[in-house]
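Enquirer: Just so you know, the protein sequences line up as chains A and B, in that order. Read left to right, the first sequence gives residues 1 to 352 (this note's numbering). Read left to right, the second sequence gives residues 1001 to 1480 (this note's numbering).
The hints are simulated quantities; they were obtained by calculation from the structure and are not laboratory data. Hints should not be assumed to be uniformly reliable.
Straight-line Cα separation of at most 20 Å, DMTMM-like style, residue types lysine to aspartate or glutamate; simulated pairs [what the hints assert, rightly or not]:
| id | chain 1 | residue 1 | chain 2 | residue 2 |
| --- | --- | --- | --- | --- |
| 1 | A | K331 | B | D1234 |
| 2 | A | K331 | B | E1169 |
| 3 | A | K29 | A | E240 |
| 4 | B | K1152 | A | E288 |
| 5 | A | K165 | B | D1234 |
| 6 | A | K331 | B | D1443 |
| 7 | B | K1342 | A | E53 |
| 8 | B | K1152 | A | E255 |
| 9 | A | K313 | A | E288 |
| 10 | A | K331 | B | D1353 |
| 11 | B | K1152 | A | E296 |
| 12 | A | K313 | A | E255 |
| 13 | B | K1342 | B | D1331 |
| 14 | A | K331 | B | E1404 |
| 15 | A | K331 | B | D1081 |
| 16 | A | K29 | A | E187 |
| 17 | B | K1319 | B | E1257 |
| 18 | B | K1319 | B | D1128 |
| 19 | B | K1342 | B | D1353 |
| 20 | B | K1023 | B | D1081 |
| 21 | A | K165 | B | E1432 |
Below, each chain spelled out in residue letters.
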Amino acid sequence: MIELRTLQEHIRAAVGARRPLRIRGGGSKDFYGGRLEGELLDVSPLSGITHCEPTELVIAARAGTPLRELERELAAHEQMLAFEPPRFDGRATLGGCVASGLSGPRRPHCGAVRDFLLGVEMIDGRGRLLHFGGKVIKNVAGFDVSRLMAGSLGTLGLLTEITLKTVPRPRAECTLQFQMEQAQALESMTLWGGRPLPISATAWHQGVLRVRLAGAEAAVRAACASLGGEVMDGADEYWESVREQRLTFFSGARELWRISLPAHSPVLAASEPTLIEWGGSLRWLAGEQDGSALREHVMRLGGHVTLYRAPVKPPEGPFQPLSAAMLSLHKRLKGAFDPHGIFNPGRLHPDL
Amino acid sequence: MVIDRLRRLLPADAILSSAEELKPYECDALTLYRQTPLAVALPADETQVSAVLKTCHEAGVPVIARGAGTGLSGGATPRPDAVLMSLARLNRIISLEPLARTARVQPGVRNLAISEAAAPHGLYYAPDPSSQIACTIGGNVAENSGGVHCLKYGLTVHNVLALRLATIEGDVLEIGSQALDAPGYDLLALLTGSEGLLGVVTEVTVRLIPRPQCARVVLAAFDSLAKAGQAVADVIAAGIIPAGLEMMDRPTIAAVEPFVHAGYPLDAEAILLCESDGTAHEVEEEILRVEAVMRRAGSTDCRVSRDEAERLRFWAGRKAAFPAMGALSPDYYCMDGSIPRKRLASVLQAIRDMEVRYGLRCTNVFHAGDGNLHPLILFDSNIADEVVRAEAFGGEILELCVREGGSITGEHGVGMEKINQMCVQFASGELETFHEVKRAFDDRGLLNPGKAVPTLHRCAELGRLHVRGGQLPHPELPRF
Chain A
1 MIELRTLQEH
11 IRAAVGARRP
21 LRIRGGGSKD
31 FYGGRLEGEL
41 LDVSPLSGIT
51 HCEPTELVIA
61 ARAGTPLREL
71 ERELAAHEQM
81 LAFEPPRFDG
91 RATLGGCVAS
101 GLSGPRRPHC
111 GAVRDFLLGV
121 EMIDGRGRLL
131 HFGGKVIKNV
141 AGFDVSRLMA
151 GSLGTLGLLT
161 EITLKTVPRP
171 RAECTLQFQM
181 EQAQALESMT
191 LWGGRPLPIS
201 ATAWHQGVLR
211 VRLAGAEAAV
221 RAACASLGGE
231 VMDGADEYWE
241 SVREQRLTFF
251 SGARELWRIS
261 LPAHSPVLAA
271 SEPTLIEWGG
281 SLRWLAGEQD
291 GSALREHVMR
301 LGGHVTLYRA
311 PVKPPEGPFQ
321 PLSAAMLSLH
331 KRLKGAFDPH
341 GIFNPGRLHP
351 DL
Chain B
1001 MVIDRLRRLL
1011 PADAILSSAE
1021 ELKPYECDAL
1031 TLYRQTPLAV
1041 ALPADETQVS
1051 AVLKTCHEAG
1061 VPVIARGAGT
1071 GLSGGATPRP
1081 DAVLMSLARL
1091 NRIISLEPLA
1101 RTARVQPGVR
1111 NLAISEAAAP
1121 HGLYYAPDPS
1131 SQIACTIGGN
1141 VAENSGGVHC
1151 LKYGLTVHNV
1161 LALRLATIEG
1171 DVLEIGSQAL
1181 DAPGYDLLAL
1191 LTGSEGLLGV
1201 VTEVTVRLIP
1211 RPQCARVVLA
1221 AFDSLAKAGQ
1231 AVADVIAAGI
1241 IPAGLEMMDR
1251 PTIAAVEPFV
1261 HAGYPLDAEA
1271 ILLCESDGTA
1281 HEVEEEILRV
1291 EAVMRRAGST
1301 DCRVSRDEAE
1311 RLRFWAGRKA
1321 AFPAMGALSP
1331 DYYCMDGSIP
1341 RKRLASVLQA
1351 IRDMEVRYGL
1361 RCTNVFHAGD
1371 GNLHPLILFD
1381 SNIADEVVRA
1391 EAFGGEILEL
1401 CVREGGSITG
1411 EHGVGMEKIN
1421 QMCVQFASGE
1431 LETFHEVKRA
1441 FDDRGLLNPG
1451 KAVPTLHRCA
1461 ELGRLHVRGG
1471 QLPHPELPRF
C-alpha cells in the first residue's frame, strides 16, 4: 500500500523540478494513445476495494485495483460493470480503465465508462487531494469533474480512488448468428436497434453477424423466436475474445484503426478486413491505411478515427486532430488541473 | 450603453427594457428571490445568441441565460447589472432521424415536445423531469435534469450526444458527436450540469429510444418508513432496476388523496410506486418479482395497475404532490438533496425532529430508486420569520444529506439557492478547481455570475466551513 501523502509529495517534488510523470497502473494500455513520456509513477501499489454496497449499486476502489478483482467481487453479488471494459490479460486497473475510457461490447446498450462514474478522488498538478462527485447517482453539485476524468488519459491528474455505479447481471443470455454481408448486417442492426429487443452486443465479421440478447428469460426467449438465426455455442468465449481483442483479426493486425461514427453510416469502402461492433458505430480496420484520407472521409460522416494500435506511435498522435478553437480550450482546461504540465505529456494530444 | 448596442444588433421586439416588460423575468421558479435584470434579450437564432454574448463580453456586462424559467434553484434569477438572455425563441426541432434515433433541437424546445415529435416513430426522449411540459432542453442540459425514470434511463448527461455551445466571446464550439464518442476531453459531460456558467447551449442532439410496449405499476403500502426503505433496498438487491421507484410519506398521501382520488391508503406511513416497463413478457416477469419483494418486505397492501388508466391514476398523486401543498399551506419550499437509499428512514426521522425545532411542517416525496429526496417545507411568506426559518430548515436538511454521504442537489442544481451549502459539500481545493475550470471558459466571470460555485471568501464569511479529516480549510485566511 502506498500513502496518499507520499504520492502528493512525489507530485509536488515533480512539479518543483518540472519533471513530467508517466502514470501507470498495469501498463495494459501502454500501446494506446500518444507518446509515453515522463518518469514512471506506478500506481499499482494503491490497490484495494474500499466500498462495496450491492443494494446501493455502488462500488469504490483505489485506482491501482485490478479490474479482475473488482469484477470478482461484483460477480459474487450477481452484479457487473455494465460497460464491459477490456482487462487485457488481467493487468488492467480501475484507474487505467477510467483514464482510457475504453468500453466493451455492451457499451451502446447501456452506456460508456463515464456514464457509470459517480465520483473520484484525485491528486491534481499542485499536489492537492481533491474529491469530486460522490457515491450517489443523483449528484449535480458543482461541475462534473469526475466524468471529465474518463478518457482523459491521466493528463488532468492522478486518480487515486474511483466510485462506480454497478448493475445487476442479466438473468438470461443468448447469442444468435446470421450469415450476412456487411451492408445487410448494418441495416439489420439499425432496424433491430429501434425495436424493444433486449440486445446487449452486436458484432459483424467475415460474413457473420452475431447478436447477444440479455435480460429477463421470457424476453430473451421471445426475441430469439422473433429474430430467427442460429443459436451460437460458446458465445461467452466469443464475446470475451471480442472484448479482449483476442480474435485473430485484432491480434494479427500490424496496424489497427478504430473508426467511431454514426451507426447508420454506409459501408466504408476499404480493402483491408473490417470488424464491426456497437450496432455499426464502431468499425475496426486492420492493416495500413491512408490515415488522412480515412480521417477526412469519416469526419464528413460525423465521426472520428483513432490509430488504435501500431508498431510505432505517430508523432502527430493517434487521435483525430482537434480544431484550433477546441485545442485552445483543451489547453486552458489542462492548465486548470495541471498548470505545469507534468502529467502524461503528449498522451492525449502532442501539444498537451 | 450595452442596451443601445444590443438594440442595433437585434430587432426591436428582441430587447426588453421597460419595467412591465422585465417583470415576468424577475425570477425563475425559485420565487423567493426576485431581481430586475438590466435588460432582457430574446435572440431568435444561434447567430443572434453569439452576437449578444460578444457584445456583452466587449462591454464587460454579465449574461444570464434562461430557458422556460422553471428552475427551482434560482439559476436564472436576474441581476440588475446583467442582461438576461432568454432562449425561448430558439424553439425549433431542427431534425429528427428515426433510423439514427437522434433529434437535433434548439435549446428553447420543451422537453415533452421532443417526445411528442418522436412519438409517431415509436421513439421518445427518456429524461422526464416533472416540469417537462414546460421546461426546455437547454435548461435540462444546464442542470443535468433527471426525473422519475432516470434510475433506469439515465440523466440528461446519459441521453445527450452532442451540443453546440456559444462561448462568452461569441464563438460556437461543436461538442460531442453523433458517434458514440469524440476525440479529446469529455466536454459534453463537463458542460452538462454547468448551470449556465461555462457557455450558452445553442443546439442539442439528443438520443431517442424505443417507446416501451407497456408499463405497469405496483402500489405498495407500508406501516413504517423503515420497512418501506428496506423494501427499496430489497428491490435493488433482487437485481431489479425498475423504470420508476417513488416514495411518498403519510402527510403527502393525506394531502394528495383528496385532490386526485387515486385510492391511496390513508393509514399507510409510506407508499411505494414501483413501475416496470418493457415488452409484455418483461413487464409480466418483473411485476411478479416486485410484488414478491414488497410482500416479503411486509407491505400491508400491494396492488398492481390493471390497465393504463389505473397506472396513470396511481401516478397522479405523486405528480400532484407539489400542487397539493397549496391546499395545506400558502407557500412551500421544495428542497432537493440526495442520500444513499439506505439512509432514508434515518433522514426522514431527522427531518421530523427538525419540524419540531423550526416549528414548520415538512412533507416528503422521494425518488426512492436513486436516493433523491424532495422535502417540501410548508410556510407562510406573509410571516417574515417563517421565510427565514424555512430557509434555515432547508439548509440543515442539505447539510444532513452531505453528512449522510449524499449531495446537496440531486437534480435541481445549486443556482443561488444552495450556494452556501456548496461550502459544506466541497473543500477549498475543489472550489478552487471549479473556479479554474470556469476561468478556462469564461475568464472574466461574465456568465451567470454569483451562481453555483461560491467564492472562498463567501465560505469563510459564512463560517460554514467544511472540516475534512480534522483540518480547517482556508488555512491561509486569518481568523479572529
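Enquirer: Tell me the numbers of any earlier hints that the structure contravenes, in ascending order.
Expert: 1, 4, 8, 10, 11, 13, 14, 15, 16, 21
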